[in-house]
Amino acid sequence: MNLMDYIVAAPEITLLGLICFVLIADLFIDDENRVRTFWISILALGTMLLVLNATAPDARIVIFSGSYVSDPLSQILKTAAVIFVAIAFLYSRDYLRANEIHKGEFYLLGLIGLLGMMIMMSANSMLTMYLGLETLALSMYALVAIDRNNVTSTESAMKYFILGAIASGCLLYGISWIYGVTGSLQFHEISVAITADPSLNSLPLWFGLAFLIVGIGFKFGAVPFHMWLPDVYQGARTPVTLYVATAPKLAALALFLRVLVDGLGGLHDTWAAMIMVIAVLSLLVGNFVAIVQTNIKRMLGYSTIAHVGFILLALFVGTEQGNAVALFYTLTYVVAAAGAFGMIILLSRRGYDAENLSDFKGLNARSPWFALMMMFLMFSMAGVPPFVGFFAKLNVISAVVDSGFMGLAVLMVLASVVGAYYYLRVIWYMYFEDAEDKAVLQASTDTRVVLSLNSVAVLALGIVPGWLLALCIQILG
Amino acid sequence: MDFSQHLLSILIWLPIIGGAALIAIGDDSDSSSSRAGLMRIVALATSVVTLLFSIGLYVGFDNAATGMQFTEKMPWVDSLNVFYSLGVDGISAPLILLTTFITPLVVISSWDTIKNRSAQYFAAFLILEGLMVGVFSALDALLFYVFWESMLIPMFLIIGIWGGARRVYATLKFFLYTFLGSVLMLVAFIYLYGQTGSFDLFGFMGVPLTLGAQKYIFIAFLLAFAVKVPMWPVHTWLPDAHVEAPTGGSVILAAIMLKMGGYGFVRLSLPIVPDGSEYFSGMMIALSLIAVVYIGFVALMQKDMKKLIAYSSIAHMGFVTLGLFMLWSFDGGMGAGLGITGGLIQMISHGLISGAMFLCVGVLYDRMHSREISDYGGVANTMPVYAAFMVLFAMANAGLPGTSGFVGEFMVIIASFKANFWYAFLAAGTLILGAAYTLWMVKRVIYGEVANDNVAALKDLNSREFIVLAILAVSVLLVGLWPAPLVDMMNVTVEQLIEQVGRSKLWQAAL
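Protein chains in written order, with our numbering: chain B, 1 to 477; chain Y, 1001 to 1511.
There may be inaccurate statements among the hints.
Unchecked claim - The list that follows gives simulated cross-link-like pairs (lysine-lysine, BS3-like), each with its CA atoms no further than 30 Å apart:
(1) B:Lys-361 to Y:Lys-1303
(2) B:Lys-438 to Y:Lys-1115
(3) Y:Lys-1303 to Y:Lys-1115
It should be emphasised that the hints constitute simulated quantities derived from the structure, not laboratory data.
Note that the coordinates shown come from a computational prediction; the quantities given were computed from them, not determined experimentally.
Throw the hints in and build the complete structure from the sequences for me.
Shown next, in the form of structure tokens:
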């Protein structure tokens, strides 16, 4: 171990330092000036972007005795995670203040969660991955419960915690089996061991693999491990939902790519079948159940499950193209999800959550601009061109067709037609119905600007998707 | 800057930019304010300038040239090998002209009839115009698909926001039906992309395919285009959408959007999967004849004027698909060209006539807020000028010689005589049916005694309505009396198409 190692791992180390600083600084800030914690956190995230930029790896660097990796994949995921955590903080600030839950812990836990995500993205061994995962998971459990007097929040936090603990247990159990069979915790060594001795590819390893997939499926929220997701999305206060729905998806993707592709890529034939089943189930359950939802947070929860189905189908293919489009899909989906939850926060105000679909009725009369923005986001999620969601879906379908799964491709497009219905319903409520809630939108200028940019981004990325796609292919190609 | 190099891009993006500008100007609750005035002027100016640019397309179009003209090509998404590739030939150029011609008329006709959110209304139409021109000029399958699908968005909003009582049901049905039809086309495109390595339409046309693959691709295309045309039995969205849509929406829907289906068959189905098309041509002819005959009877029974015209649209579009798919029913000779040219002319002519018919109904609806035939009677007594126009368009709809409706249908019927007596018998018999439902409607609405006090109080056309209907009447007569320019425009392309379709892809695929 030498000094260079610490420079490569500078992003995580800096973030840890900044977290300690925020923690201490927040002690000296009283409730009236809590917004300063927000600005300090934003500054911290800005610093993180600089640090990440300064330590950008040209190639794959493995340090700390093979337990930490820094490569272009970790770089893009970390950068995106930092940006989305910052966006989540910004959208949340006014809401938290209005609802008197504006506590320093929100930002602090958010940053600790980010640290967990970054560790996951750079993990090169099962244990590093597990540590990152637990850091993220524990801060998310606490975040969901941040409004401790709210019954639904605490209930969903409890559910999340118990199910999450079981999933973590499964993951750890799976890790122990993999370790037992291959004799290593490092992804690269596991992969070498499997290639070197084909006889390892047998029942004990598959047994461990199945448990790993349970854990990964839980983190993604894939059917049948999705039970927590709609409850947490609905029960958590909207800023927390926004946080849970965006950056951690990137971490989940990292988890998949590191564990199943880097580590157990040799078992692709074995895990592909399992992934396909849960992906198809996610696609169907997500889209069909979302239709009947009346709570928009819950609806977006089920829609997430459907999107996860798409991401998993891209990963299921197992080609470089498939992995690259999964990255593209996840990044662009997170952009749209951030915008959609931001929009719910925008419509909320003191003591009032705009969490029912009917709260969107007549938005076009209240604010034509934000109705237009929400329409962009919904059409993007539905996969209608020219929005970026279309290109994301196109790429995944293309990867699936290239691998010869024509029937699967047909199923995917039919599922998106089903999915189109509930996104259209939001647009229908905004444009074709009269407003029930006529209050003027309250949001500060910076939130409005960022939310508008966020929503216009789904159109802009749809018109010029080439560079991002090329970047994803370059990273995972 | 040489405009002719980018003429198609201008025709696509100018209206879209104009639409964005209208959204930026925004609505004013006071419809006589200066902002509302500015908004209307921007809308009209954009559509008229687009029309003027499109005259350049007509003037610069070389009737004798084979292949695409006004082409533009630049990379769009490198990693997928997608190009922003545009061009027109004798099939698409007339349809683009139709689009740029109809849109200003729609803007003028809705000048002050739309009271609520008129800026958004005009913006939707302008953006729609740009996207429709995009569909007709795209030479890259993915670009085509992007325009094809995004077109649904403004139409969805037009029907949903400004439509009638059951607008939500109608617009959701419209969107989901067409979306469902289109997504399988996307899968077919992706399959072809896998075969050729790009989304270039000419690449698709050249790639050898086995009959099995061609059958699947044909069915995927068929679902997309049959829903749009619409063909029996997937036509049910159309009467709903038409009845609920505002007048302008009905006009665009009938005049242009339905043509996308016919255009898709000509541009994609026939040249890309010629053997698949041949395999299914019998079925296509049968479906077309069902549309022509059965839907004609359905139209006869309608009580709602818009619904009647909607059903008559389905029947008339049946002629288009009939003309296109009779291609294989001839033992050589010129029948094939006649059928396809007839189908194409029928598309243009139906665009003009159905647009005019919906505008006529719109004029009455604006005054009485009813589309029920039984609410009217004796309109000719109070609105003589209007009645003259209505009768003219009704005659054109029935295929009276001298109007544009005659040319296309006549060519298709002549072709069908060469193909098979029974096709001709059924198709020609429908001319009588078409005359029956259209003229019976006219009789009940226009002639007779003044039915009630509301009709007695009707005012005749104002100058704005007169101009719109007069322009349409002139063009209907012009195409009817002197179709040569239109036919000349199409001739070379149609010949090329027939040659292309005649080249089976099977022997290559077998190698």
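Verification of the hints:
{"no.": "1", "hint": "B:Lys-361 to Y:Lys-1303", "in the structure": "violated (34 Å)"}
{"no.": "2", "hint": "B:Lys-438 to Y:Lys-1115", "in the structure": "holds (21 Å)"}
{"no.": "3", "hint": "Y:Lys-1303 to Y:Lys-1115", "in the structure": "holds (28 Å)"}
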